[in-house]
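Sequences listed follow chains R, X, H and B, in order. Per the numbering used here, the first sequence runs over residues 48 to 166. Per the numbering used here, the second sequence runs over residues 4 to 412. Per the numbering used here, the third sequence runs over residues 599 to 741. Per the numbering used here, the fourth sequence runs over residues 563 to 693.
It should be emphasised that the hints constitute simulated quantities derived from the structure, not laboratory data. The hints are all genuine.
Here are the simulated lysine-lysine pairs, DSS-like style, with alpha carbons at most 27 angstroms apart:
no. : chain 1 : residue 1 : chain 2 : residue 2
1   : H       : K624      : X       : K409
2   : X       : K344      : H       : K624
3   : X       : K344      : H       : K630
4   : X       : K409      : X       : K344
5   : X       : K217      : X       : K377
6   : H       : K630      : X       : K409
7   : X       : K272      : X       : K160
The chain contents come next:
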Amino acid sequence: MRASDLLGREVLDRDGIRLGVVTDLRCVLDGPLRGGLCAPRVEALLVSRHRTGSLLGYDRNEQQGPWLLRVLVRLLHRRLTVVPWTVVETSQAGPLARPLALRVAAADLPAAEGRHTPG
Amino acid sequence: MKQLLSVALGVLTAIGGFVDIGDLVTSGLVGSRFGLSLAWATLVGVVGICLFAEMSGRVAAVSGRATFDLVRERLGPRAGLANLAASFLITVLTFAAEVGGIALALELASSVNYLLWVPAAGLAVWLVIWRVRFSVLENVFGLLGLALVVFAVALWKLSPSWSDLAHQVLAPHNPSGEGLPTYFYYAIALFGAAMTPYEVFFFSSGGVEEHWTKRDIRTSRLNVFVGFPLGGLLSLSIAATAALVLLPRNIEVDALAQVGLPVAVAAGKLALAAAILGFVAATFGAALETGLSSGYAVAQYFGWQWGKLVRPREAARFHLVVLASTIAAVATILTTIDPIKVTEYSVVFSAVALPLTYLPILVISNDRDYMGDKVNGRVSNLLGSVFLVLVVVAAVAAIPLMLATKAGQ
Amino acid sequence: MIAGAAVVAVTGCVAPAPSPGAFEGKAVQTAKAALSSVDTALLASATAVRGRLPQPYLETTLSSAEDSLSSIQTAFDSVQPPATATSDRLRDTLDTLLSRGSDGLAQLRIASRREDHAVVAEATRSLQQVADGLDRFEQEHSG
Amino acid sequence: MTVAAGRVIDLHLHLLDRQVVDPDGRMVCKVDDLELELDERGRPYVTAILLGPRALGPRLGGRLGRWVAAIGERLAERDRPVSRIDFSLVTDIGSAIAVSRPRGRLDVIPLEDWVEEHVIARIPGSRHESE
Numbered sequence: 048m049r050a051s052d053l054l055g056r057e058v059l060d061r062d063g064i065r066l067g068v069v070t071d072l073r074c075v076l077d078g079p080l081r082g083g084l085c086a087p088r089v090e091a092l093l094v095s096r097h098r099t100g101s102l103l104g105y106d107r108n109e110q111q112g113p114w115l116l117r118v119l120v121r122l123l124h125r126r127l128t129v130v131p132w133t134v135v136e137t138s139q140a141g142p143l144a145r146p147l148a149l150r151v152a153a154a155d156l157p158a159a160e161g162r163h164t165p166g
Numbered sequence: 004m005k006q007l008l009s010v011a012l013g014v015l016t017a018i019g020g021f022v023d024i025g026d027l028v029t030s031g032l033v034g035s036r037f038g039l040s041l042a043w044a045t046l047v048g049v050v051g052i053c054l055f056a057e058m059s060g061r062v063a064a065v066s067g068r069a070t071f072d073l074v075r076e077r078l079g080p081r082a083g084l085a086n087l088a089a090s091f092l093i094t095v096l097t098f099a100a101e102v103g104g105i106a107l108a109l110e111l112a113s114s115v116n117y118l119l120w121v122p123a124a125g126l127a128v129w130l131v132i133w134r135v136r137f138s139v140l141e142n143v144f145g146l147l148g149l150a151l152v153v154f155a156v157a158l159w160k161l162s163p164s165w166s167d168l169a170h171q172v173l174a175p176h177n178p179s180g181e182g183l184p185t186y187f188y189y190a191i192a193l194f195g196a197a198m199t200p201y202e203v204f205f206f207s208s209g210g211v212e213e214h215w216t217k218r219d220i221r222t223s224r225l226n227v228f229v230g231f232p233l234g235g236l237l238s239l240s241i242a243a244t245a246a247l248v249l250l251p252r253n254i255e256v257d258a259l260a261q262v263g264l265p266v267a268v269a270a271g272k273l274a275l276a277a278a279i280l281g282f283v284a285a286t287f288g289a290a291l292e293t294g295l296s297s298g299y300a301v302a303q304y305f306g307w308q309w310g311k312l313v314r315p316r317e318a319a320r321f322h323l324v325v326l327a328s329t330i331a332a333v334a335t336i337l338t339t340i341d342p343i344k345v346t347e348y349s350v351v352f353s354a355v356a357l358p359l360t361y362l363p364i365l366v367i368s369n370d371r372d373y374m375g376d377k378v379n380g381r382v383s384n385l386l387g388s389v390f391l392v393l394v395v396v397a398a399v400a401a402i403p404l405m406l407a408t409k410a411g412q
Numbered sequence: 599m600i601a602g603a604a605v606v607a608v609t610g611c612v613a614p615a616p617s618p619g620a621f622e623g624k625a626v627q628t629a630k631a632a633l634s635s636v637d638t639a640l641l642a643s644a645t646a647v648r649g650r651l652p653q654p655y656l657e658t659t660l661s662s663a664e665d666s667l668s669s670i671q672t673a674f675d676s677v678q679p680p681a682t683a684t685s686d687r688l689r690d691t692l693d694t695l696l697s698r699g700s701d702g703l704a705q706l707r708i709a710s711r712r713e714d715h716a717v718v719a720e721a722t723r724s725l726q727q728v729a730d731g732l733d734r735f736e737q738e739h740s741g
Numbered sequence: 563m564t565v566a567a568g569r570v571i572d573l574h575l576h577l578l579d580r581q582v583v584d585p586d587g588r589m590v591c592k593v594d595d596l597e598l599e600l601d602e603r604g605r606p607y608v609t610a611i612l613l614g615p616r617a618l619g620p621r622l623g624g625r626l627g628r629w630v631a632a633i634g635e636r637l638a639e640r641d642r643p644v645s646r647i648d649f650s651l652v653t654d655i656g657s658a659i660a661v662s663r664p665r666g667r668l669d670v671i672p673l674e675d676w677v678e679e680h681v682i683a684r685i686p687g688s689r690h691e692s693e
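In isolation and in its complexed conformation, chain R is listed as follows:
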């Protein structure tokens, strides 16, 4: 599997309601120790309604300027959802289902948390 297999993938909740697309993979460096670093392990999917502009980073950082860009990008990403990997349906072997299905309802997912930059 490649990171690009997950990025951009549509995400549906338990009831088949579209949540958005995967814009990023939030990882913790606590996977198996390989060489000098622990491998990054996917902890959660960041899901937004669009992909556009997500790489600028404004959807995740409250402070980053300038004001104009922050406002514009965050308007595009009003609802950024953090979907813990543990609620992603992964029962099928081989390639993941397309689109990704969740085991929970959209309403049960945390939203505000995603606004913070990691690290």
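Use these hints to put chains X, H and B onto chain R, whose structure you have.
Frame of chain R; chains X, H and B shown alone:
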């Protein structure tokens, strides 16, 4: 003392490096048609290039990343590739214009047809890129480019009514006879000529190659804030001499020869010789910068080793791109297409591409992951936002205005 | 590709016969551009006579003025004039001026290269007349 | 940016498309894609950096992406898998990604070697630094 010298050198080269064939032709052309009533566009462009060159220099010093690295990281591979294609084409087009400029300047000195000079000019540019060290190249061509100061001398010798000139600059109006679309078309051309994207590709890549650190930020700023505005003054002098000598005689610049004429009228043969030397040096220096920048952009997008500080063998693909660009630039001019027209198109297309380059720079220079505590201050961000809007407006308006005015006719 | 398309769009326009008004506009544009070429040559020549312009620069300036005037004339001649008597008259007047301009520029270039001062003076006088004619033409037909 | 165990990073924002550099400061490649594997509890983790046209192509998407990938396929030696740098070689994740092995010993950029050998090395002066 040595440090002071290096700063002075940097400033001087920035002055010489600011002016290229696009500035020479556009300033002369606009001066001969609109007087100084479009000086504001040059001034705005100078503020813009200072602002973004400073940011890109700071990013290079703090994070070690040059501009096209940022483009791909922030726009992603797909939009980044589209950006690369556009930027690369425009840089090569500008490269072609500069090679044409060298040849035209040599024709003025020798009366040998410029087409015969083109292959020699292309070969010379490539050889210098291949074999000559960065600092040498920067200093030599920057300093020789300073010969263009004769335009300021010529302006002074023409002893114009300064208050009248100042009035034209401060109370811009559109002289009768030219439509408003044409007026704004040339405003965008001047803006594009001042803010050409290759200038920041080159500036930031140079900083990375010379291993700038946080301690070099001050030097970089000094070069930017003193060098570019003085370079802008040179552009304005060119426009002013054209406005004083050519405008009253109904001469509209469409050849490099006309740009130099006011110098001869005002100050004679020796001054004109200096002007020609300045033309050659400025266009040659800019040809080096654009040639290298075409390689920088591609190599930085794909992550290849690039640069002049390593042996060419170690940056094989980078040198291959530079070689291919040189051949393409020479071939373009050898089609006998008018180099002045190539120049005019290159500055307008540069204006179209401005947001592609400047948006990622503005974003990264605000990103604490890269910049730590060296992120933009309030003033930089306020101005940066204003300019972002401005470059978007210019980019959107450029092509429709070009079509509506038949490229300013 | 965009660049190529735009270049074609801007330069590659071969239009059918324009309206009389548009034709007059085109004629004024042509006169203006031609005046620029002729005046460039006159300025360069006058500067050279004052000993302020080196020979190679003068020659380059003159031949580039000649080239641009000839391409201006070619472009104008390729326009199909509307079938009105006024337009025909307009075309004749301007075309005569352009031809005289071309002749004058060629004469000036040749004489300048030979440094034949008498002929230079003669060519300058005739070009000055052409310039005055073009200027008048532009005044009469614009606005 | 130093890397401590337990640090949180966003793969797309902090890892993908970044420059990879070797211990001598030479540029190796970009992080064109990342290889993921599932651990014993079914959670994906990064095992390698993928690079080259066959890694970049699919990310470009569309016809262009297929075209880039197909070119990569043609250029690659037969049966050679997509070029990868094992994550065990990564020593730092910052504004660049540092790896512990020199570029020449990673054996991941055959095209650079080919261009060097067949084009650039044949031009006089290619072995020396500028003067």
